[in-house]
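In order, the protein sequences belong to chains A and B. Residues 1 to 390, numbered by the numbering used here, are exactly what the first sequence covers, in order. Residues 391 to 723, numbered by the numbering used here, are exactly what the second sequence covers, in order.
Errors might be hidden in some of the hints.
[As the list claims (entries may be wrong)] Which residues of chain A face chain B? A few of them, derived with a C-beta cut under 8 Å, are:
no., residue
1, ALA71
2, LEU73
3, VAL148
4, HIS162
5, PRO164
6, GLU165
7, SER167
8, GLY169
9, GLN170
In short, the hints are calculated from the structure, not lab data. All C-beta atoms in this analysis are idealised placements derived from N, C-alpha and C, irrespective of residue type, glycine included.
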Amino acid sequence: MMDSRETTGITGTAITGDILLNVRHLSVDYQADAGDVHAVTDVSFALRRGEILGLAGESGSGKSTLAYALARLLRPPAVVTAGQVLYSPGVERQAARTSVHGGRRGRADGLDNAPLDILRLTPAQLRAFRWNDLAIVFQSAMNALNPVMTIGAQIVDVLAAHRPELSRGQRYDRAAELVRLVGIAPDRLISYPHELSGGMRQRATIAIALALSPDIIIMDEPTTALDVVVQHEILTEILRLRAELRFAVIFITHDLSLLLELADTIAIMYAGRIVEYGARRELAGQPRHPYSYGLLHSFPNLRGPRRTVLGIPGAPPDLRDVPPGCSFHPRCPFAFAPCSTTLPLLRPATTQTSAEEHQQVACHLYDPAFAPAPPAEELLAAGYAALVRE
Amino acid sequence: MRRLIRRLGLYLLAVWAAITVNFFLPRLAPGDPVAALQQRLQQRGSFNPASLDALRAEFGLNTNDPLWLQYLKYLNNLIHGNLGVSITRFPASVGDVIGQDIKWTLVLLSVSVLLSFSLGTLVGIFMAWNRGTAFDTALSSLMMFFYSILYPWLAIVAVYFLGFNLGWFPFAFGYDTSLTPGWSAEFIASAAYHAILPALTLIVSTIAGWMLTMRNSMVTTLSEDYVLLARAKGLSSRRVMFAYAARNAILPSVTGFAIALGTVVGGQLLVEIVFSYPGIGFDLFQAIQGQDYALADGILLLVIVATVFMNLIVDLLYTILDPRVREGRSVSA
Ligand SMILES: Nc1ncnc2c1ncn2[C@@H]1O[C@H](COP(=O)(O)OP(=O)(O)OP(=O)(O)O)[C@@H](O)[C@H]1O
Ligand SMILES: [Mg+2]
């Protein structure tokens, strides 16, 4: 497995040199008569070039909403109520891209180094941003591919829209090159989606995502609909392509154990907020937030050390009416007085912060103002075990 | 391809069954058409009782033959394109009557059906694209109203106000009867002028269906991931709207369109009756009233063959439009 922990990101620091995407205090609501659904609340994180950031959380925690907001794909009744998504395209990559495609691709803003707020792009900038800089892969490849168009046509139309200087022949050559890259024989270009297996379809959507060599690819549960073997093949493929093409990935899943194989950094989402963030090694070694601990232990680990499978009792809150304080406190085995009154914010999980430590957690158990010492992992284990026994 | 051949066999079977039913049903009904004709000719004072049997034989109504023999003769005649002689339009043959009148029906209906379908579908696409806007809501309610209007009521209102009261359009017959039918500019203009009101009522009564069908189907496809992906790809709105959303949303409308085209040949009875339009539908109405078996048979047969033929066209069209139907694979949900 690729090891790129050296390049993993940290949030809230002044380091900007290598940061591609800086999400700051992003909030998204679905406006409804019955009350606004606060699907994403005050989310901040950074994504570095070539990094795979895993985003995990239960169904309904706002992962897709966050992804759509970054890709500017939100549809009414969704509205961004606050925040910025700053995107810094790099100069050297800009040059590389120009040589790869044999053509010039001018940025609409003309400034190569100033970060762009994706949420405030002009229509022309948005057109240039889409797919050139950020591409997306959806959960169900069957639904993500147009059933009445061949795979080839669905790749070629991206090229036709963004690389008008390419001839028809060049577009088809590029399409063939792309499918070969993801392990599909170029003669499948004339196949319709229904003629491909589930794994092939997902590879095809990845090929479409790679068409313009984007900086960032968002993958929203790209392997959920696939069986375990194919799922593993796809993950391996993503890692290989990332090493080769150096794009960054935001990989969304509800299966945290998957991220332990794949991600460089992991963010855990609960009820629209990021409750824990850290390098894969840190989260795999010691999840800090009681929710992360429960989530990690609610999936059997297929390859790593055996873990007891525990569940998290209860259900996520109604996002129209999130509990005050920590939104997890009604389900939390460790909830104490401040949890129902004071909102915990992300803070370093340990006091002795060194350069390699990135782990951040939004939990009062780790706040010296409320708890004298952070809880040991055994304590978390015992707390959940007690819940299960009941 | 195998699938198409199988369907073709099925369609031939349907045509044969229709012919058979078409032959037997009227003959089981009470009433003697030759006696009816005799009455009619007597009123005109040109009837010779001795020719009654000759007439029966000529019309294929010779009751001395057993029914099966009549049936075989009927089939034989059909194969030779001989549909018999019309009683109501005596002495014209059924083939001549149909050949002469079908032009009126074909032109009026194909123009209205095509206009209604393409206009309705196109507006439906834009309604769905702008769903929830004032444009969509207002038009949707208007179309629901149109949709609920009964055709006869609409036609009568149109005839009464636009035709009779205001006198904007002629409201009966296919052309100005003082002109001689032909390819003169004057005659064609008159025919077009006469067609406006029936065509208008037809379009108004059917366009709502196309619009709402397309709108609803398109609203469903617009929420599909492939449309979202097309948008994410940065394709132009026009391409997303037509190549991705509408292209998939139109599939359910295709069947309805073919059925509507099937009626083009058969005529729309109500339209032609209300407007006394000289088409096939009006002929059928008169044939049934006058117990003109041969003419009614001929027209019904034509309707059935046309419907079957249109079904075949839909099959072909679907094969072209939807790759999932090719190779006989079922459409997966
Ligand atoms: N159109 C909508 N209107 C109102 N609420 C919505 C809408 N779409 C999503 N939501 C709500 O927003 C919340 C977040 O949804 P989202 O799809 O982002 O969750 P998710 O984490 O991606 O879940 P999953 O794992 O099931 O994909 C959910 O509670 C959902 O009910
Ligand atoms: Mg989702």
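Check your understanding: Looking at the structure, which of the earlier hints fail to hold?
Key -> Numbers 5, 6, 7, 8 and 9, in rising order.
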